[in-house]
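Student: Following the hints, put chains B and C in place on chain A, whose structure we already have.
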Amino acid sequence: MSASAAKVAAIAATGPRRRWRWALALPLGWLLLVVFLAITADWIGLPDPSAQELILRRKPPSAEFLLGTDNLGRDMLSRVIYGARTSLIVGICAPILGFLVGGAIGMSAGYFRGKVDTLAVGFIDILLAFPSLVLALTFTAYLGQSLFNVTLALGILSIPAAARVARANTLAWANRDFVLAARTIGASDWRILTREILPNLLPPMFAFWLVAISVIIVAEGALSFLGLGIPAPQPSWGGMIADGREALDVAPYTALIPAAVMFATVLSLNFVGDIVRNMVDPRRSAL
Amino acid sequence: MPWLARQLVRLVVVLFCVTLLTYMIVNILPGDVAIVILGNLATPEDIAGLRADLGLDRPMLVRYFDWLGSALSGDLGRSYRNGEPVVQAIVDRLPVSLQLMVMAQVIALGIAIPVALLAARRPGGLFDRISASAAFGFLAMPNFMLGIVLIYLFSVSFDLLPATGFTPVSEGLWDNLESMILPSLTLGLIEWTVLMRVLRSDLLTTLKEDFILLARAKGLPPWRVLLQHALRPSSFTLITILGLNIGGLIGGAVIVEQIFALPGVGRLLLGGIFNRDLILVQGTVAFIAVGFVVINFLVDMLYAVLDPRVRHVRFRS
Amino acid sequence: MALFSRRFGLAATLAAAFAVPAFAQAPAPAPVRGGALTIGVESDFEGFDPIRAGVYSNSTVTAASLFYETLMRLDDKGNLLPALALSMTPNADGSVWTAKIRPNVKWHDGTPFTAQAVADHFNRLLDPANRFAGRAYLAIEKVEAPDDLTAVFKMRGPNAALPRTLAQPTVTTLIIPVKIAQEKGADYNRNPVGTGPFVFKEWRAADRLVAERNPNYWDKDKPYLDRVTVRPLPDSDARYASLVKGDVQVIWEDRAENIVKAKKDKNLRVLQWVGSGALVIPLNTQREPLNDKRVRQAVSMALNRKANAAVLTQGLRPVHDDPYGPSSGIECKDTGALKYDPEAARKLIADYGKPVKLTMTVTATPRGREGAQVFQADMKKAGIDVEIKPVDQTQLVKEALTRDFQVTGWRIIDLADVDPQMFANFHSKSPINFSGYNNAEVDRLLLVGRTSLDENKRKAAYCDLIKILNDDAVWLWSGSNIDFAITRANVRGIPALRGGAVQVEGAWFAK
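Chains as they are written, first to last, in the working numbering: chain A, 1 to 287; chain B, 1001 to 1317; chain C, 2001 to 2511.
I should point out that these hints are in silico values taken from the structure, not numbers from a laboratory.
Don't take every hint at face value.
To be verified - Which chain A residues face chain C? A few, computed with CB under 7 Å, are given here:
no.: 1; residue: Gln52
no.: 2; residue: Ala141
no.: 3; residue: Pro231
no.: 4; residue: Ala232
Source: prediction; values computed, not measured.
A virtual CB, placed ideally from N, CA and C, is assigned to each residue, including glycine.
Okay, chain A solo, but in the shape it has when bound (with noise of 0.2 Å):
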């Protein structure tokens, strides 16, 4: 899952594009929507999504069940709907800690230089030299298999995405004349780093955090693929996906409608992402 660290450390350098006001509506609606049904999710009169009727297996869509029912006889919309929330916690929460924690590391290496430096690129080595996989594994082996320990592992292995794009940007800041002011009055390190440096990092990592949101989701599903992710009956998009492979054939809308959601929601979160990002990209404003 270095590999997905790089995904996200690519995309967030994606560079300058023209502003599409227009495109931005129809992205930006979908991600309301999808995190507005997560939310409300309990109170809108779903079915329960972890609710079986073995007999109903593998329906397709009907005006009962809307977008039909699953390996176990259970409501897809629902599932799809609860689905969301899981893989939204999941994608929001674990690239936050990865931020927190890759974040401080980038910025202390961008900003003191030299020996911190050093010391940051080297954990960030012997973290993406790791295998992504002896960590997922154990955490989950572990500490056992939960929605905070997946949440975790990921976070974890998005440090290194993290620190690197913390680590450029600081890098690109430290020297303006602000920070160079800021300095020569005595400002405290701590205090530039706050004050001076995170404001303007903010902005971009907040554009890359939407792109690793979507990134993280399709890890998700990797790890639910292989067993070791979110644990049943608790739905996520990943593991339905996973379960509803069994039956590309003869249900193959058990996988395709949660494979489409995903879809949709990655390609907005990156559009919308796209957009953000034009207008805070630093290399931009900074000419």
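Tutor: Leaving out everything else, chains B and C in the frame of chain A:
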């Protein structure tokens, strides 16, 4: 410190930390290899006896430094589970993983470079937007899904390629390539998206530079400007990502290896962890760590080749 | 298989079932020589030295029976046939068996196969110093070889089932050359030598194992194939696709979806075998709240075993009220099984008076997930909360061995005689009584089953036993042991899939 010496220190430090960390981590997993071997009929006495035989009853750090000692003298030991020499196991599997990784990256680059060039020509244009959507589409595709779809498409429906399995080069280059196309495609179709987006954005930045404007002013056709002047200085991030991908893929392609039944390093590692075969896991992790450091070392060298101004600069986003 | 991985249970398959032919062999024309066959199995092999490997998965038995052989053999109807032994005869009370060894059989390295090799093989497994876990099931005291062609089995007590036990290919019964194994040391596990129809050629780990026709095989006509390759294909769907594509000609399979599909496919044939034993859900009787009989009974009544299996396996896996299986020969008129009745279950829980929360430990596999979720949903209807705890195989075994679980998934393997496993699982003094079950009457009945020479008395004892176990709701029987293989339509001559192993000694390709 000279550059080469620094790289060496880096290798040693990374190796030491990664193997020690792995050792500690795999050690705390519930159950051990003695239970795996003895199975569900095991008596406590047999388990204790076997643990003693395998040396698992000694303190963890003692075992780790024992391992380190013999590893330094070139002996990675034998698998606890099946007695296979660890070096042999890795040497058997590494070519498969390396080939998979190289072919996947070739496919990814083969798609990414032309698409990025086309997209960067007219940013915001129709092609740019379509390619972006396609890229995110593939990014959202879990590889366990893509793999089985490709099998049904190319080997069952069109009857073109073998569905599963690996054929070594010694049994014919073509057969070998055939057996690796679908797995590489599965990885490549997902990887190209990242490479494309990175290259495109760096191209856009480069295209604003003075020397490009100069080349344009000289009246060079846009294609020549893109290919001859812009591509090379735009490939730094691309190469960094490539390096990271390759590192990640050595052990991280486990899902693809499992679906296509390839005897790669990822499955070796996964099996090792499931069997609590510490000595096998250790050897494999050490190999992957060396591979990671070496590949990133090569990436640094490539930087210098691509742009002599850049030396020692790595880790640039 | 339901809740756990295949290798379980097959761990120490020792004996054969009273065979019931589960599929009819086509009235065969004469077999044709030649051809290369590839078999797709589920997992890579542990190795081929029983001591080192410890257990053979059914994938490993499939590979091992290419080059190893048993003393006796069973045909599809369950009749005993001679193999490495020409005959086996008991003394008066069945406590000593004498095997006449087939003359002029050679190991693949050319050295002669003798009774001493048979004795060495079994004595090596029995020696506690070697820590062969499967010895727990063996009723043999020791084996002696008075001359080259006579092996004498001294039993721990009267034992009628020995020849059948030795006829099913397992990690214990497939005979290896101890002398050669000791000479080769650690390498033997990966370079086996046997007497069988095929000679081991190479094993590329996680990729393929190749064996070639043994030209000096004692059965002159066999084998018909020139070469057999066994490939571990872990992904079930990819394995099926490989068969449809024709990359492999036989696969072991357990996904109902694929089996149903294959039955409709003219190019494929489905082989199936219902063995003895069963898939089971053990309840830990030592742990709160399952130490209360009412709670266990409620769990038993809340689980809709038959309907669940009918839907999930699309009717492929029968469910019985005992773990004996149709091929054990034990048929009980009254099993005392508790009927599916969620209402009654609710009442029992109410009677118990406290909220019931259970944790079910299962393997983190699609199958484990499926079975656990169905269990969970059924329990919910009776007001029992179940939390699913997915773990890997090693951890599952550890939890079972240390009784550190409440509910789990397990398997009683396909054995000829029910005694070894029933005794091991339910006798209060058995070290592998995972449920911690302790019932004096059950102990007594198990001893009757073990020692009585009167077959009817034994059967009656096992029927009395099942009534107590069902009433006490110790283990729940979630389905029979059934194994499937799918072949290309032109593959012939694969016998019953005893223990889930595909044996190809007599396989050939029809034109």
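Student: Look at each hint and say if it fits the structure.
Tutor: Right, here's what the structure says about each hint:
1. Gln52: Since the shortest Cβ distance to chain C is 4 Å, the answer is holds.
2. Ala141: holds, 6 Å
3. Pro231: holds, 5 Å
4. Ala232: At about 5 Å, which falls below the 7 Å cut-off, the nearest Cβ of chain C leaves the hint on A:Ala232 intact, so it holds.
Every hint from the earlier list agrees with this structure, and none is contradicted.
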